[in-house]
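Line by line, the protein sequences are chains A and B. All residue numbers for the first sequence refer to the UniProt record's numbering, where the first residue is 1 and numbers rise by one. All residue numbers for the second sequence refer to the UniProt record's numbering, where the first residue is 1 and numbers rise by one.
Hints in this document: simulated from the structure, not taken from any laboratory. Glycine residues also receive a C-beta, built at the ideal position from the N, C-alpha and C atoms. Among the hints, erroneous ones may be present.
[Said to hold, decoys possible] Label pairs and their calculated CB-CB ranges:
1) B:Asp200 <-> A:Leu297: 26 to 32 angstroms
2) B:Lys73 <-> A:Pro171: 17 to 23 angstroms
3) B:Trp75 <-> A:Arg65: 40 to 46 angstroms
4) A:Gly262 <-> B:Lys73: 25 to 31 angstroms
Here is what each chain is made of, one letter per residue.
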Amino acid sequence: MTGVAAGGAVAAATARPPQSRRSGRRRARWRETLLGYSFAGPNLLLLGLFLLYPLGLAAVLSFTRYTGFGAPAWIGIGNYADLLSDAVFWRALANTTVFTVATLALSLGLGLAIAVLLNRALPGRALFRTIVYAPMVVSGVASGLIGVLMFDENTGVVDKALIAAGLPPIPWQSNGTAALIAVILMTVWGRTGFNMVIYLAGLQGIGQELYEAAELEGASAWQRFRSITVPLLGPSTFFLLIMNVIYSFQVFDLVFVLTGGGPGNATTMLTTYAYANAFTTRAQGYAAAIGMVLLVLMLAFAAAQWRLNRGRDVTE
Amino acid sequence: MTAATQQRVRAGSGGIATTRSGHLRSRKRRDRTTTIVRFVIALIICAVMAFPFYWMVVVALSPKDDLFSSVFKLWPSRLTLDNFTGVFASYDIVTWLGNSLVITVFVTVLGVVVNLLAGYAFAKLRFLGRNAMFFAALATLVLPVQVTMVAQFRLVTDLGFYGTYWAVILPSAATATGVFLARQFILGIPDELLEAAKIDGAGSFRLFRSIVLPLCRPLIAVLVVLIAMATWNDFAWPLIALKQDYLFTLPIGLLFLQGQTTPDFTQVMALSLVTVVPMIVLFLATQRYFVQGIARSGIR
């Protein structure tokens, strides 16, 4: 919108005949450009130096064999060719996808349910809300360690509780699916509060009179939820979809601490696989190639949501 | 209208009134039942959500034997502070704490300054390539550190930052979230206010300092809380950049404890508690800003 306004101003300035006025305007615009860059400069410098430059360098390194020491050796598309036949890479890609879908569905569903539950007046509502978003401030490392403790198959409290209840304990460390479920549960624990906050903000925007009207028409609570709440929360859901996919796809700390990618490669994610290649086996060119795949997937997702969202403006 | 119909109307309306009040009463009762049901559900959810916190505290305060006993028990057999004294005695926790503190303070101050300045430029100044630059900055949100880590490690080594705090401070200061929040907030400052000051002859930097900055206090509070929290909890990049134990931050220290050949999980939980409590306190003290920041921008 501001772009259009600026375009209009430019058109108006160039349409004006007096020469002196035009150059005066141009000088003013130059001054503002200079000013803009001096204000944005420190930020752009840091982003450029520590993100964009390494991004470019990583793209180059992905075509080399590089241990982190000495000079990288150019091998063309060798790393990418290797990826195609690397079973661990495909496993990591599948794990990341399953993890993303599962955390998305669970934390969005829970976030919405709790937001609806805590939207209307309820004794102790403020405290309940605080408890639900408090896990947000716990680092991935700390929640991973808490998970290690709770889900240990020998000493963990969850299995002790299952045994005490007469149920079979779950092999969280020796069974790949169970390990992935533990990672998903700890992630959902940390993420639900965030989703609830966004949904609560969305619920504030829905007029109460809609519900009253629907109730007069005899709509049940579930019908009201299905045909008023859910559709009117569409923008919030859409936004959360994007953010949750971004966060889930980048999961690292929690997995690194909780399972280390194991057992086998049952919980290896693209990020942890890239890390292991870069700093354990020191195949840094290969790690860079995995990073590029990760980036391309994220960008493809961003582009897809952009197309879907053309009518709407998330950033405004 | 005859007296008879009038009476009928009155009787009729009275009849409606009584059924309505009856309806209201039953509705009120139903509302009370749903409130109780909602309350119980909320209680259960919050018990589950709070349990990991509770368990961290329990294990941190329990004697080591509790962990290995096969008995299911939800509280310590006896309360002890041995795990805290033990972990502080065996590891240089004070140094790690100091490192976390120094890095968090530097990143927060630097981050607030650069993101605020950039937010102002992207919101209120018109310059060539502004929107392209803003979207480039925003796009870094989808860029996990694992994409750039190899190259970034080489870069900080080449620049001579490896082995210093700067290896973490400088790459962490400018963030997509920070720029985005700052721009959104400053967009809300009316242009008329700035124009008026400009007509009064205020230069751009003075304009920023005397008009924009004082209005940005809530924004600064949000930025401080979000940046401080993200930095204190940051793990992936410090793991790569801070290899020397005298540079460890608390998350890296925690990993170091977990990586011992026979990790002592009661001590690990004691240290976890030490790292989590300051954030909980900060969160409770600034909850309003924290939640507002998230609700307004949708980014944490």
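- Message: Looking only at beta-carbon atoms, does the pair B:Asp200, A:Leu297 fall within the given range of 26 to 32 angstroms?
- Response: violated (52 angstroms)
- Task: Take a look at whether the Cβ-Cβ distance between B:Lys73 and A:Pro171 falls inside 17 to 23 angstroms.
- Result: With a Cβ separation near 22 angstroms, B:Lys73 and A:Pro171 satisfy 17 to 23 angstroms, so the hint holds.
- Item | Supplied distance hint 25 to 31 angstroms, evaluated on CB atoms of A:Gly262 and B:Lys73 | holds (29 angstroms)
- Confirm or reject the claim that B:Trp75 and A:Arg65 have a C-beta distance inside 40 to 46 angstroms. Because 56 angstroms falls outside the window, the suggested range is violated.
In this structure, the hints that do not hold are numbers 1, 3, in rising order.
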